[in-house]
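Participant: Chains A and B, in that order, are what the protein sequence lines are.
According to the working numbering, the first sequence is numbered sequentially starting from 57.
According to the working numbering, the second sequence is numbered sequentially starting from 203.
These are computed hints drawn from the structure, not numbers from a lab.
No residue lacks a Cβ here, since even glycine has one placed at the ideal position from N, Cα and C.
Wrong hints could be hidden among the right ones.
[What the hints assert, rightly or not] If you want the footprint, here are the derived chain B segments under chain A, 3+ residues with CB under 8 Å:
#, region
1, 265-273
2, 298-311
3, 333-339
4, 352-366
5, 369-375
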Amino acid sequence: MGKTLAEKIFDAHVADRPFGDTWVLRLDRVFCHEITTPIAINDLVSKKLDRVFDKTKLKVVIDHVSPAKDSKTAQQGKILRDWARRHGIKDFFDIGRNGVCHAIFPEKGFVRPGYTIIMGDSHTCTHGAFGAFAAGVGTTDLEVGILKGVCAFRKPETLRINLNGKLSKGVYAKDVILAIIAKIGVAGATDKVMELRGPVIEGADGVPALSMEGRMTICNMAVEAGATSGVCMPDRVTVDYLWPFIGPAGEKAYATKEAALADYAKWRSDDDAVYAGVVDIDCSGLEPSATVDYKPDQVKTIRSLKGTRVDQVYIGSCTNGRMEDLRAAAAVLKGRKIADTVRGIVSPATTEIYTQALKEGLIQIFLDAGFCVTNATCGACLGMSNGVLAEGEVCASTTNRNFYGRMGKGGMVHLMSPVSAAATAIAGSITNPEDL
Amino acid sequence: MKNFGGRVLFLDRSDINTDEIIPAKYLTENSKEALKAFILEDLKLPGFSPADTAGKGAIITRANFGCGSSREHAPWVLEVNGINIVIGESFARIFRQNMYNCGMIAAELPAPTLEELFRDFKGQETTLTADIEKATLTFAGGGKTKSVPFVLKDFEKALVEAGGWVEYAAAHY
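Just chain B, with the same shape it has in the complex (with noise of 0.2 Å):
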């Protein structure tokens, strides 16, 4: 399976949404690639710069992120930019659905377990490593280690597992 996690970018808001993510004018396209120099360009965050995705491969966020727009070109900005897990505390459903979906992790952590890592991680260079076997978070920077555990359901899990829900339904139905 693939590996899961990569450098952190902290987004301190709550329901940050589809047209933020990717805004409609880019639906025209038709491929994922062409999405990827457009994410998260109208991202309504102080100080957040749609150059610090570079390099990273992880984000950690709030409550209900991805609200709004059945768009699945939100999960695969993200992909084709090297993001293949967003961590927070509730998704939109058909977001998160999609996550799973594409063989993406959306993983929920209760508010006190995100309050307590945006205290210890955010502002400084973090590095997430996510086991699923365990299905465990291990967040690591500024000479801090913490481990984390999250729920991954059986069916999310076989999605991850399978590689997306195509090749999940393609096998089962």
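Same shape as in the complex, but just chain A (with noise of 0.2 Å):
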């Protein structure tokens, strides 16, 4: 009988199972951002277990509130700074140079396929975009991810998501993902793996595969239907993607692509492994969509939502504030100007990214169409520091969560794809390009 991947990353990383159903994992990775790690910090000095497992292993940046807006923020990143100091973490992105968390990390080149990660935040699922096993996790879990290098999972079940068929113009990840979540529900992959696979991922006859960007859109809400982890097979993409880490360039190099992608087909799943369930969705019907209400599997067609007020767009997160999505965003906004109405705010997810769509001239185009650009950061996605709504305001959002409160207390979020919030900002209301 086959295994799936989730079943073989388990396998090659068991440091103990204490009871039957609790495998507790050798980690690969634990990443850290200034939120929920200064408590683990204080609470392991207070223990006087002030150690780390293995500082090559934990990668660390400050992304949630950058730069600090207050006292409170500050004494956070001084704990994480500071912490990072004392111990030799070379790999500690501070303001300046850093990042939303699930957007630095795969663009520093510290994901591979096979690896296990936890980090204290949900959507550390996107970084099984590269075949990984990755979990957000508590600051409890995380203070022993960072003392032993070990965290236990219930061994979880996979979930087999087919998309088939072929995206429609106008069409993306973040609608695919939708569509996921409406299908299955918030709580539909509970102590899952989440499996994409299908055409739509990984290409067909005629139907590119989805670059390694569209992936991270899917993986990063496979924990709005309750996930523990999203993933997608390793293949060329992925490989393509890694490559100046992994190649003659990179630390461990592999001597040729090819060698790479051989290596990695250890780490896919069997044709013939057993799955909790399989889910079927024709891609080729979905329309660009978005969230209406308080929770992300109520989504309705851009269509049907033609006409909502929104006062806010904002462009950005660890879902969507990446190249591909800040080059489809200016692509619809060039030329054009926002509704005197909107304010429009775009974070490109990291400095790097920022530097990118600078050199490209894509900042200008949000610039001129009257946005506001920030730097990167989580900003506005969860309403704790700044792009706060105001009681009874909406917004048009790239992010993930659309919970109740989440942008500012008394606030709407609408989520969609960057396309559709771009035209949205244009239009003044919910709007699909196509329409403008």
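Using the hints, build the complex out of the two chains.
Facilitator: Below, the structure is given as structure tokens:
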């Protein structure tokens, strides 16, 4: 009987099985940011356990509130900064060279197929796009991860999602993941690994494989259906993305891309693997979509929401603040201005993305259209730094959560793709790009 | 081992998320105690007021409690308000693990059992007593008493007995 990718990763990383259904895994990466890690550090210090299991496997960034907005967030940054220095953690990304965790860590080449990764951030599932088992955890799991390099999981079952057909023009990865969540519900993949398969992801006759950026967008929101991790099978797209890090110029060189592909083949689910369930979605019929209400599984077509008022448009976050997203949004905005009644905010997900967008002239397009361009930060996504909504205000957002109060008390968030958000900014109300 | 239970807070809704339990704007705090005043501040549930949490020791709710963020501030804000057990049909994985990692209990009961409990006790002053050894939850209120079994998995029980995951891991790894 074959095994799923998740089962293979579990088998290869098991450190202990204290009870039948509990697997304690060795960790390849522990990612940290300034919101959930400082409390873990404080607790370790108070318990006289201020040690790290492997300073090369810890990767650290300040991203949620960047730059600090007040004394409390300044203190969070200081605790993290001092700790990284104290333990000689080389990969620490501070203001001016930072970015949103789930964008900057792949960008720096820290993720590999077959890795086990934890972070005190629920959207850590993003990194499964590379064929890793990557899970969001709380501060206590993070603390033990930092100290011992292990984390406990129930062995997750795998839910296979076959994304069939071909995406229509104007339909993006964001629309695909919204369709998945709408179909299975916000608890539809709880305790499961969501394995993304099918022509839309892997490519097929005449259908190009989805980019790593698109795969990250989809895996990012796997947790919005309750999934422990979202995973894609490593393939040529994965190898191409990682090549600067795994090729001759990288640290652990593969001589050729074919050699990398052949090696990564061990991190693919077997054809006869057993799944907890299989969901088929015909993506050919998908339209640009957006969430309504306060749960990510409440999804309607942009067309049916036409004319819905918005006060703010936010383009950014670990879901959709990458180069591909900025290019797509800028293509809509070029030569146009956003509505007078709308505040547009764009936050490139990393400093490197910001720089590239500057080189390509995208930043100027955003500015000319009337957007405010911020530095690389999680920003408005979770209402704890900038871009907060007032009571009763509405935001069209490329982020991943539309919970009540998420972007500010009494605010409403409609999640959508960067292209739909850009079109909405121009029209001043929810609008399909084709209707501009 | 510490006692689990106390006066029961009924939250009759599914999918209560971590942003409703403790909004992100309070994640700038670096101590559990500082979170205390903000419990369930943004909970969208008709008739509910955060003041209803006063003096409560347990929560009974529906499905998928704690979905959303990984923030352990969600169990912490319950803990510093004296609530150390949440009972529901199901929990988001990270929230459930966070509860046991803190030495607290997230107990899952079948939907029909929950339905009976809501029918018999909601709206009444109700007290829960949890017997960890016998894995039994006993509800008493309005002249009625009802005991129901619950499943505490071996690992979860070990975490509760150890006082949490840091203590368990320090002893084992």
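Participant: All hints are to be evaluated individually against the structure, with a verdict given for each.
Facilitator: Going through the hints against the structure:
1. Counting residues of the region 265-273 of chain B whose C-beta sits closer than 8 Å to any C-beta of chain A gives 7, which meets the bar of three, so the coverage hint holds.
2. Residues of the region 298-311 of chain B with a Cβ under 8 Å from some Cβ of chain A number 4, which satisfies the need for three, so the listed coverage holds.
3. With a cut-off of 8 Å between beta carbons, the region 333-339 of chain B has 0 residues touching chain A; three or more are needed, and the interface restraint is violated.
4. With 5 residues having a Cβ less than 8 Å from any Cβ of chain A, the region 352-366 of chain B passes the three-residue criterion, so the hint holds.
5. For the region 369-375 of chain B, the assignment as covered by chain A holds, since 4 residues bring a beta-carbon within under 8 Å of that chain's beta-carbons and 3 suffice.
The structure is inconsistent with hint 3 alone, although it conforms to all the rest.
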